[in-house]
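Engineer: Using the sequences and the hints given, assemble the complete structure.
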Amino acid sequence: MAKALVFIDNPGGALKKSSRELLTIARSLGESAVAFNGELHDGVAAAIAAHGATAVYRPSAADLDDYLVAPKAAYLAAAVAASGADTVLLENSSDGKEIAARLGVKLNAGVITDVVGVDADGTAHKSVLAGAYTTTAKARTAVAVLTVKPNSVDVAETPAAGTPETIIVEVPADATATAARITARNERPASGRPELTEARVVVAGGRGVDGDFGPVEELADALGGAVGASRAATDAGWIGHDFQVGQTGKTVSPQLYISVGISGAIQQKAGMQTSKVIVAINKDAESPVFEIADFGIIGDLFKVVPQATEEIKKRKG
Amino acid sequence: MEETLKIVVLVKHVPDAQFDRHLTGQGNTVDRDESILSELDEYALEAALQLSEARGGAKAGNEVIALSMGPAGAVNSVKKSLQIGASSGVHLNDDALAGSDAAATSLALAAAIRYLGPVDLVLTGMASTDGETSLVPAQLAERLGLPQVTFASALELNGTTLTARRDGDGRSDTVEASLPALVSVTDQINEPRYPNFKGILAAKKKKITTLALSDIGVDAGQVGAAGSLTAVETAAARPPRTAGTIITDEGDAGIKLVDFLAAQKLL
Ligand SMILES: Cc1cc2nc3c(=O)[nH]c(=O)nc-3n(C[C@H](O)[C@H](O)[C@H](O)COP(=O)(O)OP(=O)(O)OC[C@H]3O[C@@H](n4cnc5c(N)ncnc54)[C@H](O)[C@@H]3O)c2cc1C
Ligand SMILES: Nc1ncnc2c1ncn2[C@@H]1O[C@H](COP(=O)(O)O)[C@@H](O)[C@H]1O
Numbered sequence: 000m001a002k003a004l005v006f007i008d009n010p011g012g013a014l015k016k017s018s019r020e021l022l023t024i025a026r027s028l029g030e031s032a033v034a035f036n037g038e039l040h041d042g043v044a045a046a047i048a049a050h051g052a053t054a055v056y057r058p059s060a061a062d063l064d065d066y067l068v069a070p071k072a073a074y075l076a077a078a079v080a081a082s083g084a085d086t087v088l089l090e091n092s093s094d095g096k097e098i099a100a101r102l103g104v105k106l107n108a109g110v111i112t113d114v115v116g117v118d119a120d121g122t123a124h125k126s127v128l129a130g131a132y133t134t135t136a137k138a139r140t141a142v143a144v145l146t147v148k149p150n151s152v153d154v155a156e157t158p159a160a161g162t163p164e165t166i167i168v169e170v171p172a173d174a175t176a177t178a179a180r181i182t183a184r185n186e187r188p189a190s191g192r193p194e195l196t197e198a199r200v201v202v203a204g205g206r207g208v209d210g211d212f213g214p215v216e217e218l219a220d221a222l223g224g225a226v227g228a229s230r231a232a233t234d235a236g237w238i239g240h241d242f243q244v245g246q247t248g249k250t251v252s253p254q255l256y257i258s259v260g261i262s263g264a265i266q267q268k269a270g271m272q273t274s275k276v277i278v279a280i281n282k283d284a285e286s287p288v289f290e291i292a293d294f295g296i297i298g299d300l301f302k303v304v305p306q307a308t309e310e311i312k313k314r315k316g
Numbered sequence: 000m001e002e003t004l005k006i007v008v009l010v011k012h013v014p015d016a017q018f019d020r021h022l023t024g025q026g027n028t029v030d031r032d033e034s035i036l037s038e039l040d041e042y043a044l045e046a047a048l049q050l051s052e053a054r055g056g057a058k059a060g061n062e063v064i065a066l067s068m069g070p071a072g073a074v075n076s077v078k079k080s081l082q083i084g085a086s087s088g089v090h091l092n093d094d095a096l097a098g099s100d101a102a103a104t105s106l107a108l109a110a111a112i113r114y115l116g117p118v119d120l121v122l123t124g125m126a127s128t129d130g131e132t133s134l135v136p137a138q139l140a141e142r143l144g145l146p147q148v149t150f151a152s153a154l155e156l157n158g159t160t161l162t163a164r165r166d167g168d169g170r171s172d173t174v175e176a177s178l179p180a181l182v183s184v185t186d187q188i189n190e191p192r193y194p195n196f197k198g199i200l201a202a203k204k205k206k207i208t209t210l211a212l213s214d215i216g217v218d219a220g221q222v223g224a225a226g227s228l229t230a231v232e233t234a235a236a237r238p239p240r241t242a243g244t245i246i247t248d249e250g251d252a253g254i255k256l257v258d259f260l261a262a263q264k265l266l
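Line by line, the protein sequences are chains A and B. Taking numbering that gives the first Met the number 0, the leading residue of the first sequence gets 0, the next gets one more, and so forth. Taking numbering that gives the first Met the number 0, the leading residue of the second sequence gets 0, the next gets one more, and so forth.
Treat the hints as calculated values from the structure; they're not laboratory data. Just so it is clear, the structure is predicted and the values come from calculations on it, not from any experiment. Ideal Cβ positions, reconstructed from N, Cα and C, are used throughout, including at glycine. Keep in mind that a hint or two might mislead.
[What the hints assert, rightly or not] Chain B stretches covered by chain A per the calculated footprint, using a threshold of three residues with CB under 8 angstroms from any CB of chain A:
id, stretch
1, 198 to 210
2, 226 to 234
[Claimed, not checked] Straight-line distance between alpha carbons at most 30 angstroms, and here's what the computed DSBU-like set of lysine-lysine pairs gives:
id, chain 1, residue 1, chain 2, residue 2
3, B, K264, A, K105
4, A, K313, B, K264
5, A, K15, A, K275
Structural biologist: Dropping the structure here:
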């Protein structure tokens, strides 16, 4: 039976949905365990147990967050050795991918990123070239390291017998020797909206909003969705770079993506064309975004978007 | 006077995203006709040139070496880098490299960088526009034992201390390391320059070294499909998205949009 180890970096006060998805995949492969860094609150420990983890590994050092990536990879390598895991699952964030990258070198393990599904035999499914292809890939090594995109599986809890044991993993003494130090952190204030990469609905605005994200935000709120943006909008400073969708921003795959005043350049498409349903609102009929839209409206966003928001509010009562 | 810098910039020759990109052959590798210098690596080259120029540029003895690993055509990305301003180029080209995954690529690039002798800085793009894995920079840092300063959206060098801004998910960190180090940069860091006429002429006189695996002490079995730790087993082209219903607003398009969402059960 396969043994999967899930890495959860700073689980926080409540276990994130993406972490639960990793735990669900781990359990579907066989026996599962967790390696975390940071604090473990009781509620999180209970949730991990509910997902059937048989062991929880924690680092001997408390300063891993003071450095970029490197010591976390060193810790995780030690946890893999301690657990005997043959599959390691991480988040598909920049930190997650880079920890996976270094872990791959340390363990001589194949690394597969942007995974959207894992079969029982370890075959990973992913989409490549900006969604133009779906591929299956497999690690040829004793240990496989996979980073999994959010919204890839439905969360299911499958408890195991007994409570997971807690095991302290010795972080190698030289783990921080050549690591870059994080000297300051700025948490950006939470918006109160769903996380962009996890949201079921994304409403994104581009240069066409001309500095005013109000209509985009109101439509997003009426639909309970997240707000996104094109690079033209983030470069103009109308909204933070955090909200950029595309090749050099976030990749999103929601049930519904509403593109507002965005032309649909190849770099923008790279981040959103695997969305289930795409709606585009643009006043220029020649905009390439209409080539991929399931429903397109040629019109002025300042008229169409507020009208749609009003109508949704009315229907939802 | 500050020390001169020896900087290696990694530039990848990638299929131009403006054309349709394809997977071909047994290993499902990317078809590399119509390839160009990865636009994300132009930011790394620009960052290298700015750091070099701040210390007097090539005239003062600073070096910016553009290194690309890839088949014959990849020399064009090295040449373009020289036109933009790199001082010399290296092209790592060996038939055995075809089909390398991130692990094999980082192994070969690390050996090529070691071959170039001690360097102060290795600069890379944030991701290659074809592979898009962002694995190579972190793996290079691990293999070379260098501090990893990745996804830098701002970069400063004072003496031998590097300070970078890394914008992550919901936060922005300040990261510090001492030279020598590996840095990957995002497209937020600068505005890459274009080659000008003078640069194009000057590039003709700049040296390009071609390296094979035997030069850098790597065995054929360690790279390419044979040395890769992952294998792509199947690839299927996703059916292209087809355009759906397009309407022109006649005063009620907002309502029609909501009708559409309701019909799709998206409300
Ligand atoms: C290396 C690199 C990386 C990049 N990465 C990204 C990325 O990650 N994400 C990204 O988005 N871009 C990225 N880009 C930029 C990309 O190439 C485009 O420049 C950008 O997406 C354009 O943004 P836009 O569609 O908002 O602006 P534009 O192309 O200017 O389009 C604005 C649109 O708004 C419409 N419009 C104007 N007014 C109205 C109105 N009142 N009502 C309705 N419609 C209106 C116009 O018809 C037009 O189609 C990248 C570029 C490079 C070189
Ligand atoms: N074959 C290559 N030749 C030169 N540089 C490369 C190569 N592959 C990757 N790189 C560098 O590594 C960065 C990240 O690539 P990747 O990990 O493939 O997304 C790129 O932006 C390049 O700077």
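Engineer: For the pair supplied as a hint, K15 of chain A and K275 of chain A, is the alpha-carbon distance within the 30 angstroms limit?
Structural biologist: Holds, at about 23 angstroms.
Engineer: Could you grab the alpha-carbon distance between K313 of chain A and K264 of chain B and see if it respects the 30 angstroms cut-off?
Structural biologist: At roughly 16 angstroms apart (the allowed maximum being 30 angstroms), K264 of chain B and K313 of chain A satisfy the hint.
Engineer: Residue count check for the stretch 226 to 234 of chain B against chain A: does it reach three with CB-CB under 8 angstroms?
Structural biologist: Since 8 is at least three, the answer is holds.
Engineer: Given the hint that K264 of chain B pairs with K105 of chain A, test it: the Cα-Cα distance must not exceed 30 angstroms.
Structural biologist: violated (48 angstroms)
Engineer: Using C-beta distances, would you say chain A covers the stretch 198 to 210 of chain B, given that this needs three or more residues below 8 angstroms?
Structural biologist: violated (count 0)
The structure fails hints 1 and 3 (numbered hints given earlier, in ascending order).
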